[in-house]
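A.B. asks: One-letter residues, chain by chain:
2 protein chains.
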Amino acid sequence: MALIVQKYGGTSVGSIERITAVAEKLIATRAQGHNLVVVVSAMSGETNRLVALAKSLADPPKAREFDVLLATGEQVSMSLLCMALEARGCPARSYTGAQVHILTDSAHTKARILEIDDQHIHADLAQGRVVVVAGFQGIDAKRNITTLGRGGSDTTGVALAVALKADECQIYTDVDGVYTTDPRIVPEARRLDKLCFEEMLEMASLGSKVLQIRAVEFASKYNVPLRVLSSIEDGPGTLIAKEDETMEKALISGIAFNRDEAKLTLLGVPDKPGIAYQILGHIAELNIEVDMIIQNIGADGSTDFTFTVHRNDYKKALEVLNKLATELGVREIQGDEHIAKISLVGVGMRSHAGIASTMFKALAHYGINILMISTSEIKISVVVHEDFLELGVRALHTAFNLKEK
Amino acid sequence: MALIVQKYGGTSVGSIERITAVAEKLIATRAQGHNLVVVVSAMSGETNRLVALAKSLADPPKAREFDVLLATGEQVSMSLLCMALEARGCPARSYTGAQVHILTDSAHTKARILEIDDQHIHADLAQGRVVVVAGFQGIDAKRNITTLGRGGSDTTGVALAVALKADECQIYTDVDGVYTTDPRIVPEARRLDKLCFEEMLEMASLGSKVLQIRAVEFASKYNVPLRVLSSIEDGPGTLIAKEDETMEKALISGIAFNRDEAKLTLLGVPDKPGIAYQILGHIAELNIEVDMIIQNIGADGSTDFTFTVHRNDYKKALEVLNKLATELGVREIQGDEHIAKISLVGVGMRSHAGIASTMFKALAHYGINILMISTSEIKISVVVHEDFLELGVRALHTAFNLKEK
Numbered sequence: 001m002a003l004i005v006q007k008y009g010g011t012s013v014g015s016i017e018r019i020t021a022v023a024e025k026l027i028a029t030r031a032q033g034h035n036l037v038v039v040v041s042a043m044s045g046e047t048n049r050l051v052a053l054a055k056s057l058a059d060p061p062k063a064r065e066f067d068v069l070l071a072t073g074e075q076v077s078m079s080l081l082c083m084a085l086e087a088r089g090c091p092a093r094s095y096t097g098a099q100v101h102i103l104t105d106s107a108h109t110k111a112r113i114l115e116i117d118d119q120h121i122h123a124d125l126a127q128g129r130v131v132v133v134a135g136f137q138g139i140d141a142k143r144n145i146t147t148l149g150r151g152g153s154d155t156t157g158v159a160l161a162v163a164l165k166a167d168e169c170q171i172y173t174d175v176d177g178v179y180t181t182d183p184r185i186v187p188e189a190r191r192l193d194k195l196c197f198e199e200m201l202e203m204a205s206l207g208s209k210v211l212q213i214r215a216v217e218f219a220s221k222y223n224v225p226l227r228v229l230s231s232i233e234d235g236p237g238t239l240i241a242k243e244d245e246t247m248e249k250a251l252i253s254g255i256a257f258n259r260d261e262a263k264l265t266l267l268g269v270p271d272k273p274g275i276a277y278q279i280l281g282h283i284a285e286l287n288i289e290v291d292m293i294i295q296n297i298g299a300d301g302s303t304d305f306t307f308t309v310h311r312n313d314y315k316k317a318l319e320v321l322n323k324l325a326t327e328l329g330v331r332e333i334q335g336d337e338h339i340a341k342i343s344l345v346g347v348g349m350r351s352h353a354g355i356a357s358t359m360f361k362a363l364a365h366y367g368i369n370i371l372m373i374s375t376s377e378i379k380i381s382v383v384v385h386e387d388f389l390e391l392g393v394r395a396l397h398t399a400f401n402l403k404e405k
Numbered sequence: 001m002a003l004i005v006q007k008y009g010g011t012s013v014g015s016i017e018r019i020t021a022v023a024e025k026l027i028a029t030r031a032q033g034h035n036l037v038v039v040v041s042a043m044s045g046e047t048n049r050l051v052a053l054a055k056s057l058a059d060p061p062k063a064r065e066f067d068v069l070l071a072t073g074e075q076v077s078m079s080l081l082c083m084a085l086e087a088r089g090c091p092a093r094s095y096t097g098a099q100v101h102i103l104t105d106s107a108h109t110k111a112r113i114l115e116i117d118d119q120h121i122h123a124d125l126a127q128g129r130v131v132v133v134a135g136f137q138g139i140d141a142k143r144n145i146t147t148l149g150r151g152g153s154d155t156t157g158v159a160l161a162v163a164l165k166a167d168e169c170q171i172y173t174d175v176d177g178v179y180t181t182d183p184r185i186v187p188e189a190r191r192l193d194k195l196c197f198e199e200m201l202e203m204a205s206l207g208s209k210v211l212q213i214r215a216v217e218f219a220s221k222y223n224v225p226l227r228v229l230s231s232i233e234d235g236p237g238t239l240i241a242k243e244d245e246t247m248e249k250a251l252i253s254g255i256a257f258n259r260d261e262a263k264l265t266l267l268g269v270p271d272k273p274g275i276a277y278q279i280l281g282h283i284a285e286l287n288i289e290v291d292m293i294i295q296n297i298g299a300d301g302s303t304d305f306t307f308t309v310h311r312n313d314y315k316k317a318l319e320v321l322n323k324l325a326t327e328l329g330v331r332e333i334q335g336d337e338h339i340a341k342i343s344l345v346g347v348g349m350r351s352h353a354g355i356a357s358t359m360f361k362a363l364a365h366y367g368i369n370i371l372m373i374s375t376s377e378i379k380i381s382v383v384v385h386e387d388f389l390e391l392g393v394r395a396l397h398t399a400f401n402l403k404e405k
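Chains as they are written, first to last, in UniProt numbering: chain H, 1 to 405; chain G, 1 to 405.
Chain H extracted, bound-state conformation (with noise of 0.2 Å):
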């Protein structure tokens, strides 16, 4: 008998056939002798409604006040889970992020989770219910509502099963677990059975849109294993979990890529010291995001310096190091919005050389030009033009062989 916390996004409870679906799928997990902990998200169209409603009145809405619109979506699904639950003869009962104390910091539409109560959920489950929690929500020291920002149900669901030393904390979601790489460009792509915290965190932050990167984090700092499921199709998902011996000794586990960035590149930087802070000083001013920095140190004692941010953000820093130019004494500002990032992941990387060379010359045999790399101890990332995107990944996909296990 185990103590399961399972998490349900907004399409998994969709409707009244698929919140009756999740219901008699709760049940028969609850025969096996399991006792479960629900987290759900609101039904998937709610939030947009809401925040339609929210826009027409006032844009940007009173950040407080968006919370407490926001966490009522949750606060439906919740309750109807629980109905079905109820009709089918299984107690069940549903508590908003205010009644279970889900305390947060005071940041609306963006709060972190300092604590839970889990008092309650105790004395529930020692009742023989199924509990189910309102994901995403929760309340500051003052008792107002707070949100944890989109997606942050997983996060919900990962402090839940901490909370409550939970034996495993399961994402249900729309795809039965996390692949080598994306099935639409790569139709042959696999279903990974294992993965660790690390390979996971990159992946989620390279683009794969399976998990939110701050519950894995929370997953990996409390070492809670997480596991990726589809709630339509049954199957085992992809464990995520701390590296251990058991792990699947794979090189590469898989291949993520992004194409929301956008890259600037400043030719004949001065070589002089806090050059770089005062580049990027300005574009963090800006709250603009930096991911990757690359500098080379030229021959003439003058240096090039490049750096990608989000696509949005192109134009505003491009701006403001056009302004910059003179003052820092640049020779030259190039921009490109059309690049794409292709990252390969895997701890295997750790023990394994040659990995980049194998990478470099599959991406050569296509006529693929790379136009920046930067690596860290489990991923090397590739920047290339965004037209060589598909083609690549595809190319990476064959030559490390990733669809045979």
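No lab work stands behind these hints: they were computed from the structure. Certain hints may be false.
The list makes no distinction among identical chains, and a pair is therefore deemed to hold if it is satisfied within one copy or across any two copies.
Result set (BS3-like, lysine-lysine): computed pairs, CA atoms no more than 30 Å apart in a straight line [unchecked claim]:
no.: 1; residue 1: Lys142; residue 2: Lys323
no.: 2; residue 1: Lys55; residue 2: Lys25
no.: 3; residue 1: Lys361; residue 2: Lys142
no.: 4; residue 1: Lys242; residue 2: Lys403
no.: 5; residue 1: Lys221; residue 2: Lys316
no.: 6; residue 1: Lys361; residue 2: Lys110
no.: 7; residue 1: Lys315; residue 2: Lys110
no.: 8; residue 1: Lys405; residue 2: Lys272
With chain H held as given, fit chain G onto it using these hints.
C.D. replies: Below, chain G alone, put in the same frame as chain H:
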């Protein structure tokens, strides 16, 4: 400078346009120097939408979860109203029933308010904020979400006015006040400037749908002046307050009516102690509410016993009486579900004779047969065939000259 509690019903906050109009009205009232606490219902249509969702999953749905679901309706409208206020530079803050600790008993779907925490609200008012509170909802001692039943937002408004010692509780609705009778039946019906609580209670319990009986009782008990106003047009509305010297010295304030009842008559009931209890005890066991009860002693030592019930309960009541007939020694049982009740209401009756005879004369003039008569200190009710309802109401409105002030 006054402290005013205003309650807006579902139609008044039924769309973005209406919410905007309410926000502007509030800002204008606040500019006159008043402190405002606002109670809102769910947007019109929203409660029905939620009920339909619930009923498609379980019928009846689990009461605890049904309350959790319905409570989201007011949470949506309160946050939207605050956004509209804040967007216009008016500081505002919304609170759910749980947040201002509207403590109720645990009777889900029909809970009663026990206590309200006024600390938060007073603190916000002191800081110049408009406070917006969700109507219709509260929490019980175990922090379960409860609701007060349909129309419960009126009760929330009055309860808040009592707790905050407000100067007036204003109920905004889609009519501009309480009328001498329903203007759909009598076009020259007149809006009343003032009514006393007792009159309003009689009017409400006799079918006038403007205010919830419970809210009027609450206001009367704690002597909080109530005012019914239109949220669409400006106007003085109708003030409902304690009877006093300044009260309009009318004989009759209004005419209420009701076509939801049916009558049952037991002829030739043995005239012995306990017989009324024997009859009505069986009716009460079926949870059927009885309205009027009339008993006449006959010449032959037997008695005739007539009472009215809601039309929905008529068949059930007739069935049980037919079963009881022999046991009770009753000669005959008659029923009529085509009746209507017309009532004259007015505190003036206390000190004036001749009201009843004027009433009966007016009805006789139009050949309207009176089937039952029942009186109280400030009310005379007659039961007639339902076909004569409109004619009877018009005849009485004219006979008592109610169109003139």
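A.B. asks: For Lys315 and Lys110, with the copy left unspecified, which applies at a CA distance of at most 30 Å: within, between, both, or neither?
C.D. replies: So Lys315 and Lys110 pass the 30 Å test inside one copy only (26 Å; across, 58 Å).
A.B. asks: Is it within, between, both or neither when you check Lys142 against Lys323 at 30 Å Cα-Cα?
C.D. replies: Result: close neither inside a copy nor across copies, 44 Å intra and 61 Å inter.
A.B. asks: My question is about Lys55 and Lys25: at a cut-off of 30 Å on alpha-carbon distance, are they close within one copy, between copies, both, or neither?
C.D. replies: between (37 Å within a copy, 21 Å between copies)
A.B. asks: Pop the pair Lys361 and Lys110 into one bin, within, between, both or neither, using alpha-carbon distances up to 30 Å.
C.D. replies: Neither: 43 Å inside a chain and 73 Å across chains, both beyond 30 Å.
A.B. asks: Between copies, within a copy, both or neither: which fits Lys242 and Lys403 at Cα up to 30 Å?
C.D. replies: within (24 Å within a copy, 83 Å between copies)
A.B. asks: What label fits Lys405 with Lys272 when the C-alpha limit is 30 Å: within, between, both, or neither?
C.D. replies: Intra 49 Å, inter 92 Å, cutoff 30 Å: neither.
A.B. asks: How would you label the pair Lys361, Lys142 (within, between, both, or neither) given a Cα cut-off of 30 Å?
C.D. replies: neither (58 Å within a copy, 66 Å between copies)
A.B. asks: Between copies, within a copy, both or neither: which fits Lys221 and Lys316 at Cα up to 30 Å?
C.D. replies: neither (36 Å within a copy, 64 Å between copies)
In summary, the structure is inconsistent with hints 1, 3, 5, 6, 8 from the numbered list given earlier, while agreeing with the others.
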